[in-house]
Structure formats: C-alpha cells, structure tokens
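**Student:** Following the hints, position chain X against chain V.
Quick mapping for you: the protein sequence lines, in order, are chains V and X.
Using our numbering, the first residue of the first sequence is number 1077, and each one after it goes up by one.
Using our numbering, the first residue of the second sequence is number 1077, and each one after it goes up by one.
Errors might be hidden in some of the hints.
A pair counts as met if it fits within one copy or between any two copies, since identical chains are not told apart.
Claimed, not checked - Cross-link-like lysine-lysine pairs, in silico, BS3-like; alpha carbons within 25 angstroms at most:
#1 LYS1127 x LYS1353
#2 LYS1353 x LYS1125
#3 LYS1336 x LYS1172
#4 LYS1376 x LYS1125
#5 LYS1208 x LYS1316
#6 LYS1199 x LYS1279
Keep in mind the hints are simulated off the structure, nothing from the lab.
The lines below spell out each chain.
Protein chains: 2
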Amino acid sequence: MSIKLTILGCHSATPRANAHPSSQYLEINNRRFLIDCGEGTQVRLRENKIKFSKISHVFISHLHGDHFYGLIGLISTFGLLNRQNDLHIFGPEGIKKIITLQLRLSQSWIHFEIIFHELTSAKSELIFEDDKVTVHTIPLSHRVYTNGFLFKEKLGERNLIISEINKHHEIEVCDYQNLKNGKDFVNKDGTIIKNKSLTKDPKNTVSYAYCSDTQFKPEITTIIQHVDLLYHEATFLEDKVALCIKTKHSTAKQAAAIAKQANAKQLILGHFSNRYKNIELFKEEAQTTFHNVSLAKEGKIYEIKNK
Amino acid sequence: MSIKLTILGCHSATPRANAHPSSQYLEINNRRFLIDCGEGTQVRLRENKIKFSKISHVFISHLHGDHFYGLIGLISTFGLLNRQNDLHIFGPEGIKKIITLQLRLSQSWIHFEIIFHELTSAKSELIFEDDKVTVHTIPLSHRVYTNGFLFKEKLGERNLIISEINKHHEIEVCDYQNLKNGKDFVNKDGTIIKNKSLTKDPKNTVSYAYCSDTQFKPEITTIIQHVDLLYHEATFLEDKVALCIKTKHSTAKQAAAIAKQANAKQLILGHFSNRYKNIELFKEEAQTTFHNVSLAKEGKIYEIKNK
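Chain V extracted, bound-state conformation (with noise of 0.2 angstroms):
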C-alpha cells in the first residue's frame, strides 16, 4: 500500500532545456499512470528510467499543448517498441480524434489497442476501478474543459490474529477468507466470534490528488477532503493576481487555501510561469497559508508508504 510519484515536468507552457511541460508518473498500488504528457514527456520517462511498457493508462487534465503535445509522439514510440497491450487514455472530448487523424495520416500501423475515454462531465465521476485502485476527476475551472484527478487505493482485507485464530479449534484455513473479508465466524451451535477479536484492521489507504490547471476553486475541496498529496498549480504569485485571473490560474496563496481547507496532508506546487526566477517565493508564499509545501521539480519522486 503505497504512492510513488514521479515528476517529468512541472513548468507552465512553452517546454525550455531545463523546464519542461506538465507530465508526472503515478505508481499506486502496484497500478502505473502517466498524468499529462507536455512534449518531450517520453524522453522525460527514459531519463527517470521508467519502463514505457508498464505504462497502462494516461489521464489528460486538459487539451492545452503543455499537457498533451508529447502524448502522439508517445504512442508512436510505442508502435515502434512494438507494444502488444491495450492503452488506455482519459481525456477530453476532441483527443480520440487528434490521436487517430495524426496515426492515420502517418500511415502508423500500431498493434495495440487504444481505448479512449472521453470526458465530458461537469461533475466528479468514478473513471476506474479496479480491485486495487480508483480514480475520479475532480472538475476544474480553466479556459477550457478540464477535470484533475484523484487516485485513490482500495481498503485492503483485514489481517488475520493467528495467535487468536489459533485458541479457536473449530476455525479452519477455509474460513480465513470470510474472516479477511470482515464476516464474524459463526459456530456449529450458532454461537458468534466477533471478527474483530481475530482480525486487524487493514492497512490505512493513501491518496494523491492532481489539480492542473484551474483558478481558485474551493468547491473541489469536498472532492479531495484528507488526501495524503495534493499537487496543485501555482503559476504565479499574489503580485501578478489580476493576470491570474484573466488567465484562469492559481497563486501559489490559493493553492495553499485550497490544501488547508481540503485538509491535505502535504502540498506540492507546480507549472510555474517562467516569469519568476526565483521559484522559492511560490513556497514563500504558500507556507504563510499551509505548512507542509514542497515545489515541484523535475525528476523529484515523492514517496508515502503505508502502516
């Protein structure tokens, strides 16, 4: 039970030499997410040695080029690795075709399948589950149709008290599923053990919250309430407010509001405008308004494992 993120990218617009665009890699719970894919996102993931193949399913917040330009040119490196395994790729209304126009007339015979999930909702929606994990988009407000996403671990099956088990002669290795699953133990004469005397409680889930891009939006705070790591933007400070507006950003102060009020256990800030050389005024800032901030750079992995 664990998060590992990866950082491939956390700077805003225009992809430089050493500030590239959105692109982060999840792994949680054994499950691999690519979240976002700026260009350049797939020479990102050969400098952190990330294998492309565990790569399953890809979830694009929004169809602005910083986070999506790298995702054909991804696809056809897949293709020429000669990828067999479905792909899986959550997006906006209008990807399917960008992706599909660009394999076509590129004549790019690819021998997987690629399933595209279009988005439309303007509400938050469970997009995956399986028996592990689930992800539900979190509706953001920017210039266009966006959604962040909220990955979130399944509660695991309780853990087994052999020392208690074991005072019991009637209990069975056969019934230790139903006793994992929760369900008390019922004797022969109808009398109940009390699962919680013969199990533990599973380990505690951990969450991860990705919100980029948006403008100040407390509304998804009841969405993200107690996530473990919340990635929000802050592509400027309070001194640039008024182009933050017009542009349908956040402060690295609003992201701060959000996390306190979300209860997040920790923030990182990220897709900086590179109109600021000094990239540690956005913890500056944030820290006069949540304690636990972190910036975002490139290759940096945050890890939380769980007791």
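**Tutor:** Chain X only, in chain V's frame:
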C-alpha cells in the same frame, strides 16, 4: 551570398536525451527556413539561440512523427510569444488538418496567419521563389508521400568594373543598372560596347539539398546535380540492407552513391538508426564511394561563403 545550416536533430525514430529527431535551420541569402520539425525542435532552437521570430517558412518532408510532431508545439509557442508575421508551411496533404484541429480544440487564438502549401505532386516543382532564393521539391521514395527540398540562391547582379567604365565618358550612372543586368552598352551612333568588357560575373550561387527519408533513388541526382551541400539520410549501414529495403531507407553507401552521381561538393549523413552505437562507421562506409563526407550532429553548423 552564403549558406549557414544548423543541425537541430539528426537521428531516426524516437527522441532520446541526446539524440533528437530530424530538424534543421537554414539561412540562405538572408532567408531563414526550418526544415522538418521533430518533437522537441523548439527546445533545440532555444539551445542554439535561434530567434523564433526569424522563421518565416517551414518545410515538412513527410508525415512520420519524427519529422513533424514538434510543429504544433512550435506554432503554439509562436502564439504565446505574440507573433504577428505570417507563417508559411509546406508539407504533404493533411498537415493543415492536423494543425488546425489541434489549434481549434485547444482554443489557441493565434494572432498570425498560417498559410499552408500542401504538396501532392509526384514531380519536382518550384514551391517558393523570391528575388533571392528558389526552393524546389525533390520527390523521394519512402513508405509515405515524401519530398526532399532543394534550396538555391538566385544569381546576383553582375559586378561593375569601374576602371573600364570610366574609359567611356558616354556611359552615365543611370546606365549602371542595365550593365549590372548584363546588357551591352549601345552608343548613340549604334556602336556596341560588350557588357563583358565592363562587368565581372556575379558571385557564384550556392545550393543545398535535403533528402530525408528515402530509399535509394538515383533519379533525384538530375534535380540536385552539382549541389554544393547535400544532406542525405543514412539510416543503416550495408549490414542491414534487407531491413533498409523493407523500411524504404538508405544505407551510408547508397547516400554516397547519390552524392557521387549528383557531383555534389559535400555530403552530410544523418537520420542514423539507434541500432548503431558507433556513428563513425557511417562515415567510413560512405567514404569508400565519395570523398567529402561529414556526419550530422546536433548543434553542428555548416557554412558556405561564396566567392
């Protein structure tokens, strides 16, 4: 009268940290052209300190990703930089649809006009001409419709020999332009002073041919005869000639044969497959057929100044 060619990327297929896909920046007679635009080209332009605003014409050889996936990002950046000047894009049919679809879906409102020149002809044609330069297509043979491009300076005016002109007091300053244009001088009495006795030949023109991607196609040598600088793809060595035929690429030896048959002055090899760790082998193989061979490299500049 000169050519300055900057290699921005010269490796095949997928971008890697130190091996970038095809792109070149050409200055010819003070015109500035971008040739192909693989993913990450805008970062290469920045690294090479090339001003984005100077690029007026982009030539795309074909619609394989390693030759054009960087174009949409570059155009978006032009928009963010508030470009006002027209941008001309020459490339295969379909390029307009790809670019405009992405601009529309990302709601990128650019303040400059993009003029698309979609190419469909199987024959060499003049696609650009002004008072200084011409550009012709070089029909290549690849898996998809592909053109190379031949960039040629136009012949300048003849140079006046003032010491000779001064011997003829009947020649006035207002006659000079006719002499520069190559006309003989005609006296009032009908006698003729030959232009060649009054002027010297203009400086030689220089030319550059870009041929990528293509299988071995000797027919192009008539189009690029006596070219000063020839870039020809060499994806493989002769050891992989079967793969070369299958994928419709060229070997280093085949590229050299084209250079020899075209009576080119210098050959640049590029588009190297990442199968080869030792790129020097390409030079060795080509030099068995053609003497003046250079290996393309990111950041390398080729200059020809004319006499």
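**Student:** Taking each numbered hint in turn, which are not upheld by the structure, reported in ascending numerical order?
**Tutor:** Checked against the structure, the hints that fail are numbers 3, 5 and 6, while the rest are satisfied.
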